[in-house]
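One letter stands for each residue in the lines below.
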Amino acid sequence: NAGVTQTPKFQVLKTGQSMTLQCAQDMNHNSMYWYRQDPGMGLRLIYYSASEGTTDKGEVPNGYNVSRLNKREFSLRLESAAPSQTSVYFCASFRDRGFGELFFGEGSRLTVL
Amino acid sequence: KNEVEQSPQNLTAQEGEFITINCSYSVGISALHWLQQHPGGGIVSLFMLSSGKKKHGRLIATINIQEKHSSLHITASHPRDSAVYICAVGEFGNEKLTFGTGTRLTIIP
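Protein sequences appear in the order of chains X and G.
Each step along the first sequence adds one to the number in the numbering used here, with nothing skipped, and position 4 is 7.
Each step along the second sequence adds one to the number in the numbering used here, with nothing skipped, and position 95 is 1273.
Please note that a few of the clues may not be correct.
[To be verified] Partial chain X-side listing against chain G, Cβ under 8 Å, derived:
#: 1; residue: Met44
#: 2; residue: Tyr51
#: 3; residue: Gly61
#: 4; residue: Val63
#: 5; residue: Tyr67
#: 6; residue: Ala85
#: 7; residue: Phe107
#: 8; residue: Glu109
#: 9; residue: Leu113
These aren't lab readings, by the way, just hints derived from the structure by calculation.
Just so you know, these numbers come straight off a predicted model, no measurement behind them.
We put the beta carbon where it would ideally sit given N, CA and C, even for glycine.
Using the sequences and the accompanying hints, generate a full structural model.
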């Protein structure tokens, strides 16, 4: 099925632990994004990748790293998780430069204790 | 930075009512997106607009570029339309989108 797949869907971490959220799209899109969604706030951009081999910081990049492994995959890593990173994370992709339909993954609910 | 405001924040209506959700933004845009998120669910794209009007089933989206305003209308609303509706805007030469905080719609049978 075409779309954006992200894993895991749920994760509980202890403060200081690390983890990687995986995202893959099979639509040959250039642009991929990682967002976090917190209650009462709009989606906030963590990092994005306009094309394979490039990544840029978004609005809230602190505490995160990303890798655009190839055109399909864009991963988000938390090196030392903090309770403030408890959130729902969404991966998204566009065909090109924000035009065309947006496709989102199903979300990953992360709790940091 | 573009400021995106949605109104109302919450809306409760009876089944069958005509629904309007509004989105205003502060800086000229290349495109505006309307998204739907069901409780506990993922986010799906409803429309992308750069001008005029689009219709899909019972959903209609309009945009007025001069007034920096867009509306999402739902005709003959149904309980399954209950969801959060999110507006997002993109700017020319900018890879990033700016999102509104969403409108929570509840349709009562």
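Each hint, compared with the structure:
1. Met44: 6 Å, holds
2. Tyr51: Hint on tyrosine 51 of chain X: holds, closest Cβ of chain G at ~6 Å, below 8 Å.
3. Gly61: Holds - the Cβ of glycine 61 of chain X comes within 8 Å of chain G, reaching about 6 Å at its closest.
4. Val63: Hint on valine 63 of chain X: violated, closest Cβ of chain G at ~12 Å, above 8 Å.
5. Tyr67: 16 Å, violated
6. Ala85: 23 Å, violated
7. Phe107: Since the shortest Cβ distance to chain G is 4 Å, the answer is holds.
8. Glu109: 4 Å, holds
9. Leu113: 15 Å, violated
Checked against the numbered hints given earlier, this structure breaks hints 4, 5, 6, 9; the rest are met.
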